[in-house]
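Taking the hints into account, I'd like the entire structure generated from these sequences.
Residue 32 in my numbering is what sits at position 32 of the sequence shown, and the numbering runs on without skipping anything.
Possibly wrong hints are sitting among the right ones.
Said to hold, decoys possible - In silico EDC-like links for lysine to aspartate or glutamate, alpha-carbon gap of 20 Å or less: (1) K302 <-> E122; (2) K372 <-> E317; (3) K204 <-> E144.
Stated by the list, open to error - What follows is a set of in silico ranges between Cβ atoms, one per label pair, in the way DEER data are often shown: (4) K79 <-> G142: 40 to 50 Å; (5) T400 <-> S365: 30 to 40 Å; (6) D260 <-> L325: 29 to 39 Å; (7) G265 <-> D39: 17 to 27 Å; (8) P370 <-> A83: 46 to 56 Å; (9) D295 <-> K321: 54 to 64 Å; (10) K321 <-> P370: 17 to 27 Å; (11) N173 <-> Q266: 21 to 31 Å; (12) G142 <-> G357: 39 to 49 Å; (13) A116 <-> R301: 22 to 32 Å; (14) A116 <-> Q266: 19 to 29 Å; (15) R353 <-> D39: 40 to 50 Å.
Simulated from the structure, these hints should not be mistaken for laboratory data.
Built from N, CA and C at the ideal position, the CB exists for glycine as well.
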Amino acid sequence: MTKGLPGVFGRGRSIGRISFALIFVFTLDFFLIGCASTDRLPPVPLAMASKVNVDIPDARFYPDTDGQRMAALGVQSYKRALAAHHGKLPTAYFLAISGGGDDGAFGAGLLNGWSARGDRPEFGLVTGVSTGALSAPFAYLGAEYDAKLKQVYTDTSAGDIFSKRSLIAAVTNDAMTDTTPLRNVIASFVDDAMIQRIAEEYAKGRLLLIMTTNLDQGRSVIWNIGAIAASQFPGKQDLIIDILRASAAIPGLFPPVMLDVSIDGQRYQEMHVDGGAVAQAFLYPPTLNLKANSDRYGIQRKRVAYIIRNGRLFRPEEDVKRQTLSIATQAISTMTATSGVNDTYRMFVTTKRDGVGFNLAYIDSGFTVPYKGPFDQGYMRSLFEYGYEKGKAGYRWHKTPPGYQE
Numbered sequence: 001m002t003k004g005l006p007g008v009f010g011r012g013r014s015i016g017r018i019s020f021a022l023i024f025v026f027t028l029d030f031f032l033i034g035c036a037s038t039d040r041l042p043p044v045p046l047a048m049a050s051k052v053n054v055d056i057p058d059a060r061f062y063p064d065t066d067g068q069r070m071a072a073l074g075v076q077s078y079k080r081a082l083a084a085h086h087g088k089l090p091t092a093y094f095l096a097i098s099g100g101g102d103d104g105a106f107g108a109g110l111l112n113g114w115s116a117r118g119d120r121p122e123f124g125l126v127t128g129v130s131t132g133a134l135s136a137p138f139a140y141l142g143a144e145y146d147a148k149l150k151q152v153y154t155d156t157s158a159g160d161i162f163s164k165r166s167l168i169a170a171v172t173n174d175a176m177t178d179t180t181p182l183r184n185v186i187a188s189f190v191d192d193a194m195i196q197r198i199a200e201e202y203a204k205g206r207l208l209l210i211m212t213t214n215l216d217q218g219r220s221v222i223w224n225i226g227a228i229a230a231s232q233f234p235g236k237q238d239l240i241i242d243i244l245r246a247s248a249a250i251p252g253l254f255p256p257v258m259l260d261v262s263i264d265g266q267r268y269q270e271m272h273v274d275g276g277a278v279a280q281a282f283l284y285p286p287t288l289n290l291k292a293n294s295d296r297y298g299i300q301r302k303r304v305a306y307i308i309r310n311g312r313l314f315r316p317e318e319d320v321k322r323q324t325l326s327i328a329t330q331a332i333s334t335m336t337a338t339s340g341v342n343d344t345y346r347m348f349v350t351t352k353r354d355g356v357g358f359n360l361a362y363i364d365s366g367f368t369v370p371y372k373g374p375f376d377q378g379y380m381r382s383l384f385e386y387g388y389e390k391g392k393a394g395y396r397w398h399k400t401p402p403g404y405q406e
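Now the structure itself:
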């Protein structure tokens, strides 16, 4: 579990493989601090966070404080969907795709197989974190993008994602690797055609939301990719690329994404990293009460949620050595796996409150191909096919989180 570098597409199972490196870097940093520094503009003070403007209305939300703004966005989306369907709305389907490193091949395969089966719905809401952030635009646009989704998770190698830095450069810079190759991969599919298609679907009332972590403030940020795509903002392509890259930026291993913002003419810079630092998956913030808002606005609509966890429920058993780094590595891996399960409980409780159907998928014991290292194509292709066969046969979705009993 501790060998090699992580999969680029998120945290999830890969955190155990990277914690040794992180601890080693932090140890060196204790001795080398002051040798070099990476300059940046001052961060946005928390008290001024609500004043940040990226020149695009409804482009971003803080899930802990922006419940009312997100409720307003939901009402707007409902009205757009109502117009697009001429007043007769079908069931609203939600999809949440979690982080999970190169295990994102599971979700990619499941979605492709679901399309092949012929009963995959059009999702009115798609959310993504980390590897799920990279999958989400493809899932949002449907079967027409299945081939590209498959390509990302079956033809990618480590060299397409990152380049290693020297040990000294890793310690004195902002990460152990350089993810310029990842940015190039993202840019290859976030092209003008994809942005236009996202904007078109946003106009129909559909939402594509991506989560990053504002590391300066230690809080999540939810980005409304549809609003960005539909805007006239000249840098919208670069902004979408940066958001997706940030959501997959494992702190310490991959560089953070620095976003320039301004407040009252004063320039600031926000540091955004992996959304999985706070939550490995999300549907919508618990502060957004769909049931109460539906009652308030007279909205009557059936809602069904699907959650794809790109990983197993628990980390593999290990013979842990009685050594500091080994103990710390497995403790971090255990905490990460447990956090992912806790996320499913949060989503379950929220959907239960709001009368939304709950469906959960994850990698189970039926997949036995051994893990050989980050971005091993044999492993990823096998996992993709495993997910594909599950989806094509009709996945038996779990109706409750693991261990839950009514």
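Check the structure against each numbered hint from earlier and tell me which ones fail, lowest number first.
Numbers 4, 5, 12 and 14, in rising order.
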